[in-house]
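**Student:** Here are the chains, one letter per residue:
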Amino acid sequence: MGNKPHRLIWSIPVLLMLMTDCAQQEKVDFNADIRPILNKKCINCHGGVKQSGGFGLVFRENALAKTASDVYGIVPGNPKKSELIKRITNHDPEFRMPLDGEPLSDEEIELLTRWIEQGAEWETHWSYKKPEEPEIPQPELAWGNNPIDKFTLQKMLENGLEPSSPASKYDLIRRVSLDLTGLPPSLPRVEKFINDASPGAYEKVVDELLASPRFGEHWASMWLDLARYADSKGYESDGQRYIWKYRDWVIDAFNQDMPFDQFTIEQLAGDMLPSPTLDQLVATGFHRNTMNNDEGGTFNEEYRIYAVIDRINTTWETWQATTMSCVQCHGHPYDPIDAQDFYESMAFFNNTADWDIKSEFPVLKELNEEDQQKLEEIKNWVEKYGKEKDFNQLQKQILTGTPRISHDEYTRKENIVHHNRALQDYVVVSDGSMLEVDALDLTGEKWLVLYSRQRKPANGKVIIWTDDAKIAEATLPKTKQFQPLFIELSATKQPIKLTLRFESGSKDFKAELDGFTLVEKLPGEDAPGFENVTAQVQQLFTAEPEHTTLIIQEKPRKFARNTHFFNRGSYLDQRQEVQPDIPAVLQIDSMDLKNRLDFARWLVSEENPLTARVTVNRFWARLFGKGIVVTEEDFGTMGDKPTHPKLLDWLALQFSKEYQWSIKKLIKTMVMSATYQQDSKISPGAKEVDANNRWLSFSTRTRLSAEQVRDQALAVTGLLSDKMFGPPVMPPQPEGIWNIPYSSWEWETSQGKDAYRRGIYTLIRRSNPYPSFINFDASNRQVCQSRRINTNTPLQALNTLNDPVFFEAARQLALHLNNLDTDEVNKLASGYQRVMRQPAEENQLALIIELYDKMKSHYQENPHETESLIGKPDAQLAAMVVVANTLLNIDEFLVKS
Amino acid sequence: MDHFNEARKKYLEFTTRRHFLKKCSTGLGALAFGSLLGMDKVVAQSIKNEGSGLPHFYPKAKRVIYLHMAGAPSQLELFDYKPELHKLDGQDCPPSLLEGKRFAFIEGTPQMLGPQHSFRQHGHSGQYVSDALPYFSQVVDKVSFLKAMHTDEFNHAPAQLLLQTGSPRVGRPSMGAWVTYGLGSENQDLPGYMVLISGGSNPSAGKNVWGSGFIPSEYQGVQCRNSGDPILYVSNPEGLSRNARRVSLDYLNKINHAEYNDIGDEEILSRISQYEMAFKMQVSVPETLNIDDEPEYIKKMYGVKPGESSFANNCLLARKLAEKGTRFIQLYHWGWDTHGDSEKRSVDKGLLKKCQETDQATAALLIDLEQRGLLEDTLVVWGGEFGRTPMRENGSASKMIFKGRDHHVDAFTMWMAGAGIKKGFSYGETDEIGYFGVNGKTHVHDLQATILHLLGMNHEKLTYRFQGRDFRLTDVHGHVVKDILV
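Listed in order, the protein sequences are those of chains F and W.
Numbered per this note's numbering, the first sequence spans residues 1 to 897.
Numbered per this note's numbering, the second sequence spans residues 1 to 486.
This is chain W alone, in the form it adopts within the complex (with noise of 0.2 Å):
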């Protein structure tokens, strides 16, 4: 390369980058430019240093709505469809596949578990899918599934935590936590990324899994609440008017105004915008959160139960949510964790209500997002913390009366679909019992690269630097599933 082209390559990331920062109104392009907001001076300073120019290309997805099955759904019955296993069902594990192995439960010699829902092939692209999800089976043809994930943890606390921050012990930035920082949210009314939850609990890892680690605050996900405030605090106390809030604000507003004349701190120009935006979240938040202006049919095609905590409440959310110009939209439904130890926790009976709880509003997402040309620009995600193992669960803590599977980390199926990635694909293969991926295996860091991939991230250039080092959502792993892509 010579001269002139070195100066032409300046130039155009130069003009490239100036373009790009014009655009964004908050995340690292906007701190870059010296904007404070949110932020304190010693923050932004460090953070400013670190402006890598994002997106580093042309981003498809411009937000992501993940759905997290937590408890970790059984592929087995869902999705990765294994004949062969039916055959062995009952039979003694052979030894050689136990050998070496930690299992969370299992103990001795467990027996071979065959399927416990029929599969059938669904479609233009022929994929077999459970009779347990009868409204997904219409779908599929929206979606890549990814057969052979893995990942290194084998209880649930620490599998979510890996997949979601990208370690097993608490303290890192969440996926949704980087993507805000990296990119800002689209919408200055609403926070840039926000978390729903159903199935009656929160995810094991508790609240982790939304937090910004050692980035700042801001960055963590705002839970919607189910019951109460949408957002905690967001209305004003009773017999408070949103008239008489404004004129307090005014007020409010005028007094920091004379201080910041007299002291001539930023920081209290920082506040007033702050209080100003959080008076427009009164109105933005409860407005989006609510289902009950949406027409009849809509509802009725997620199966809405208005004034419930649901899985097809917060699908419906979700969709609200992305066309305000959310970037990450977090749902978390709990209680897939099929051992067997209760009829609740099957995988027959209990894992077919879990399917019944979330598949239609699940479908109904996908074409609700297509229809408003939403799917476009709009990645979903769908998947547990790690798989089941083809073995029948047989621990000796308590009586194993129904049929369930231990968890596993070497094979589960998640699946995405919208923007940038193929339709009606499936990627990755396990052997003939779903107990190791043969071909085409993720891990769930390849799974985190692809996801900021497609938002216009490299993922080894999403960087924040904490004690010394530049910390990466992917740590030092990761490879983008580029066979997905579109």
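Just chain F, same shape as in the assembly (with noise of 0.2 Å):
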């Protein structure tokens, strides 16, 4: 140690009477002015996790207690005896915290010590408080449409910035269009708004957009990132799933303006509703979109597990912008929630019928028309002698096979082999195998329905029987995939158990068994033509279907399955058990939360304070450029800020109350703001203030995304078919891309119109997507994704220049223009007006056409380049596919501005 300046020694008590003299003054604010000193220059050692010299800040509580070296770290009202101020003030760089770090400021140590004398009081993260309305700002300058404008200008003004002028008629709707629905503008409809001066022209094109088809279609790609929506299943071998009626579903959601709430409960917890719709299942698909894994030697236990922690991690992303991955193992490090939160929340999640298997059971078929027609008649049968519930019962077990009760459900069973690994999930019965379920409810007139592969005919048979007597008897037939037998069950008095012999006399015997189900019987039966509706309800069962669509199944009550506390994150650490329920910071009373579908309502009603935030952050950001929250998928403490918190609470409270959760009402509000209508010319003031328009004192230019950057190109070349749903298309890919262990599903390339749809029909393969759309940035869907980060890179320049999809569109513009019946400048000014959907300026025009002229000279000089580009020897149209080309790739192309 060297020795201390001597007046540097006296002046920390000096810097204390001074601090201790500003304590009688204003009153700190934990959440502005204190909270963010401790988690940028703190919590990183003095966390909810890491807790050096045992002080953590995470939790009062924990911030009080007496700390490893026995000293307080923060003794409320009296800073001087308070451990955390000594030590920022110390001199001693080996003492000073942070530790290793810059010193804090004068400014963050007075505040820290007027807060300690203030009472070291925490206050709630403010995105945990219910939003209030806000008043709404009255600025001095007169501008703006409605009330947005009033909280930016608020704020533009603050930092010294003015609102820019608006952007041109041909910039706004380009830029409109392209925000709602990905496609650019019609020619004849940016015609027909140039001409139009009434005062309420924009606002047609706008309520034209929000009515077009083209609106779900475009919105769907962001939902679908969050949901982790893709056509394969993901590990290694990455079979092929089918769960593109999903994807519909939200396209669909989407164009219906279904309101959000009723979107968010639909897509996690439809199946618990009373009598779901089929689409209501269909819509649970939501978090059937994690991955599965078929490899050899995996668990399915193991892997039906991770799904169940991805569902965890992504319903709290999605809906609450909460990082909740973080607990699965110990506290958060920075937000109040810990481990026990973690698992809490899985027992909402962790009752679905799925599993890691093969099959994805369970899934919803979709029936032939043939088909259809039958169960048309089964279902006016049961109108007639039965009860319209009753239909809606059978047709969910004609279409899924569920409740299956299964391995799991067996109480008691002798002689079973259970395969669970990798492809198969089924058991292994031989002869005097034994199965038995306790406390069935066979009240009503039932079949019992078993799914048996018999591969080798060897006179098995089941026998049923229930306590003491036997009830039935049946053959198993011999086939080579799971077929449904069924049983005639006699009804009892009350629930009781069932015992499932399995005989033969051969030691061949051998069946696979994958569960049962328990359908009731059709009613009427004295009445004519019974026995023929019969037959079609069992040939239903197993009828071919036309589609199918994997969906979330909850398991009856009476089979739940029991939660545990993994112990530091392993699910082969299983500890206490748990009870659904959401994290203590987020209740208010006392919630009784049971199962999935209370949690689903929890998140859409008053009582929860982040959805409709998070949500409306998240359409904010899509059409500014960023949200008002630039960490869309982090609300807690560690996220970024609001910068206009107040606007944020108006956008939310409009949105869930005044829109009733309409997100085209919230749309038409955010692009009819004079806010959205600006210029995206920077002016030099704000490049010096603000380059980055946090102020959004101009409109922020940004890169069209992955869809829209392959849509525009085909759209203003003519190519954009605009066909709707169904299967995922394959557009054209090079050769070579699908090279996965294990797997014979091949890349083929989709004919006529389908090799020209949009984007969200591409197939996705999450270990090869589709390339150029990686190269955009887009998401491979594995994972719950909030943003996509735009780059910049040569693999993109390459991709729009020589990509054959992108060329192919060059060279069709460029066939177009050049059969125009008009002179050469006119076709190019014409190109760039089809591309960029308004004329060319002069400076423009020129170069482009000096971009011709020269390419024309080099093809009539290189005829041979001239065949090979276009195969003829035609060096106007050559060169008018270079430019074409190179139209195709000018930034403001590129970009919505």
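Source of the hints: derived by calculation from the structure; they are not laboratory data.
A few of these clues could be false.
[Claimed, not checked] Straight-line distance between alpha carbons at most 25 Å, and here's what the computed DSS-like set of lysine-lysine pairs gives:
hint : chain 1 : residue 1 : chain 2 : residue 2
1    : F       : Lys50     : W       : Lys461
2    : F       : Lys192    : F       : Lys827
3    : F       : Lys681    : W       : Lys254
4    : F       : Lys480    : F       : Lys365
5    : F       : Lys41     : W       : Lys461
[As the list claims (entries may be wrong)] With the Cβ distance kept under 8 Å, some of the chain F side facing chain W (calculated, not the full set):
hint : residue
6    : Glu295
7    : Ile682
8    : Asn739
9    : Ala797
Just so we're clear, the structure is a prediction, and the values are computed from it rather than from any experiment.
Every residue, glycine too, gets a C-beta built ideally from N, C-alpha and C.
Got two chains here, each in a separate frame; can you build the complex from them with the hints?
**Tutor:** Okay, here's the thing in structure tokens:
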């Protein structure tokens, strides 16, 4: 230790005295002033996990407790006795906090001192408090269309900025079309808008776009990134998955403007609604988008658990912008959430019937037309002789084969082998096998539908007993695939134990079982035609479906899974049982949420402080370039603070109350604002003060999304198909992209119009996504993704210059232009206008003409190049192709401005 | 420490960091300096806040060539010589070895399986190497073995992910992405992170093992393709010559410049430079990724097969990429999964075939790097994602008429060579049957920490903030294996 300069020793008390003096003054705001200091300077070492020296700053109780060195870090009301203050003001860098870091500024030290002096109160983080209706500011400048503008204008003025002038009509219609539908406006629509001088001209455009079927196709991408939707299972061989009906459901929900609360409940718990519709079952596909592992040595239960964990993380990120994955192993490092909370959340999601198995059961079948007709007949029959509710139940059983009573539900078993690895999930029975289920409800007339497979016939029988009475017997069929076998049971008075015994007398007898389900028999037993319609029911159970889609099914309460706390996140080390609950920090009064449906309803209830804010922020970010909270995925204490907190709350309350969760109304309010309609030109003043445009004094230019880059190129060259919905398509991609172990699934390039469908319909194989999408920062849909981080790379340049898809678009445009009945200059001008949806400016057109002339002479001088470019000696056309290729690469084309 | 010392320390930190920033053209350093190439403003901003003065200390290695043998080669047939296991061949495995263990396929009581290839000692270091690797045996004095490697995952995809991304689940950046994020590229005309595939298939974990996870996608590995364009879309369309492309780009740039003058968005300038870089890559990529011009003796040394996709070709390409300053060169060779359910997948003949596909080129790569002085600052890493059991696989799913071994997490062998690595050295030992490490145990996180260390990075300080947390390649684990360092 060297000598400390003398004056510094006495300067600390002086400093403290000065500070104490300040303490009488203004009350310190914990969220605004203190938490940012703690999070930036302290919490990495003194957080919820790492508590160096036994001192942690996430919870007040921890911070006030005695530390490892037997002192108090914080003594409320007494900064002098608080070790924290001593350490941040110490002049010896080996003692001074933050260790190895810049010392705190005088201002920061003063704030912390004053805060401790005032009692060191913690305050709930802003996002965990319910939004309150803010007062709409009244800035002095007269500007704006709606309250949004009042909020933004006030911030602009506070920061020495002024709003920009409105964007040109050309820019505006292109911007709003790309934002609302993902596509540029049609040329006639542009023309109409330019010539419409009425004050409502822009609003008309907005209303048309909101009503366009293209609206849902665009916004679905954002949601499918969160839902991690893909057309494959994910791991290793990455086999095909059929869940595109869920994708179509999302597109449709956006187009129908399904209220966001309903949108939420149907996706998270549609299966638990009373008598759910088939669409509501399709919606539950949201959480069937988890990855499955069919790899040889995998334990099905292990990967089922990973899927459930992913569902928790995804749900919390999507609706609450809360980073739950941290607390899987330990307390949250920064936010007031602990590991117990994670498993209590898990308890909501841990009771579904799906497993990490090849068949991806349960799935919902869509019948072909003929079978659908039969189902109608059954419906008529049931409605005539029974109740409508009965049909809903029967229909669900026919189309899903649930609820299945399977291996986990057998209360006793003898002489049974369970195969539950990799591709297998069944039990094998042989002569003398037995399985038993307690207290089954057999009070109505029922069939037991047993799913079995017996490859070699050996006279195997199943004999069914209740308690000690034999009630039925059936011979197992020889089949290659699992087949349902209908066994009629007689009714009992109360729930009863059911026993299945397997006999054959042959040692060769071996059958595989995939569980059974109990199906209520049809009403109207005495009516004519009963046998016929009964046969139809049985036949529909085996009907080959037209399509299928993965769904979530809650297991019956009787068979509910228990959820346990995993020690340090390891499923091999399960500890105490936990009950479903939400983290204390979000509890208002004591809520009693019992199941997934309750949880979904809580998310969109008035009690939830986050859902509306998180959701409006996502839409805002897509329209304005970044969120009011930039970290769309994290509203916790380490996330960014909102730039316009009051605007965020105002929007959240408008959305959830005034608009009754209407997404279209929310979007309309945003795009009708003057803030949205500003020019994108950056004034020198703004560039200096606010180049990143936090204060929204101009319109932020944003590169188009991967899908938009593709769709726009096809749209402006007339190639884009407007066909909606259906199985995913495979547009052209280079050879050899798919090179996947143990997989014979091939990329078969779609023919005709299907090669030119919108990007949203392109097949996504997680391990090998579509190359141009990945180049332009699309998600590979493996985990929930809140926002795509835009990059700007040479690979993107190569992509739009040389990818055959883009070059084909250029060729199409050139052909079109060349066929126009006008001179070359007009052709070129028209080319620019087709691409950019506005006329070229003089200097731009001059450059394009120059390029064309140079290329024309180049191709005249190099006829072999002309020949190989377009297959004929037409230098004009060849030059036009190069011009078109160039136009499709100009920066302005790749961004919305 | 007094104020003078503190000031001096700060000054040194400041000057060394500045010194580094001046020399480094991309990566964290450049970002901290405000260059926004390839990066949108918001991201650049968030990364800027994390700039942590890279490299953290003087690097021994400037680049990495990582030879990943996908499917997991058997250490017991290649490097970890266990004469004791010979004696136990055919005997039932004692229950004590099976208690509490989870296997991918072994069920019930398997039998022990002796080494299926013979071993001999080689080089001055006298290390045992399998006779299945005659070429490698000649260069054994150049490498350090890690004989007590272990991992947590016993299925291929999760184990490859754990090794290459630090987590068995998807979504994390790969090692190469971390390295290029930290250090940038040495060559502006080529991607800093290149991936080459051979053996007939991608690795089980798919492209995730060279993905960028949650860090910006520009850091993901760029796959060098065996047929067609060596990098996707690098060739101009037919009939569009380089001259024509130059002219069209000149005008594209002019149009974009005019737009910049009008609007003032810096991102437009960035786009212009990306197009220029693309134009350069159109020459540098095919030039670098072409082995035809290499002299005959070099081709012979590697055993290349022009026009085919082979490990030998990829090794030669790896050397060429190393010469051009590519930061992270990742090779995957598929097909080492020797369960014994077919001859191709047996530990005797099947394994021998994989050795023949790779042995000569692996040795040639080390020799070639050395003769060009590149081995001094290039780190070469070889290994699979886990090891194989000393027991013979007996799974019931298919008949095991060939000899095979199951996946094994507790012991396997890797080796490293080149920059900063001891020569002719071996670290770590397994028990007499090669089942568990008994000393010098090295977890895959330790391997990752060591690779970063050699590149001049502290694995605890190379972080990226995502969802409020500072993530690392090594998660919350990892110790540098100092024993194998020079």
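**Student:** Decide, hint by hint, whether the structure agrees.
**Tutor:** Right, here's what the structure says about each hint:
no.: 1; hint: Lys50/F / Lys461/W; verdict: holds (16 Å)
no.: 2; hint: Lys192/F / Lys827/F; verdict: holds (22 Å)
no.: 3; hint: Lys681/F / Lys254/W; verdict: holds (18 Å)
no.: 4; hint: Lys480/F / Lys365/F; verdict: holds (21 Å)
no.: 5; hint: Lys41/F / Lys461/W; verdict: holds (16 Å)
no.: 6; hint: Glu295; verdict: holds (5 Å)
no.: 7; hint: Ile682; verdict: holds (4 Å)
no.: 8; hint: Asn739; verdict: holds (5 Å)
no.: 9; hint: Ala797; verdict: holds (4 Å)
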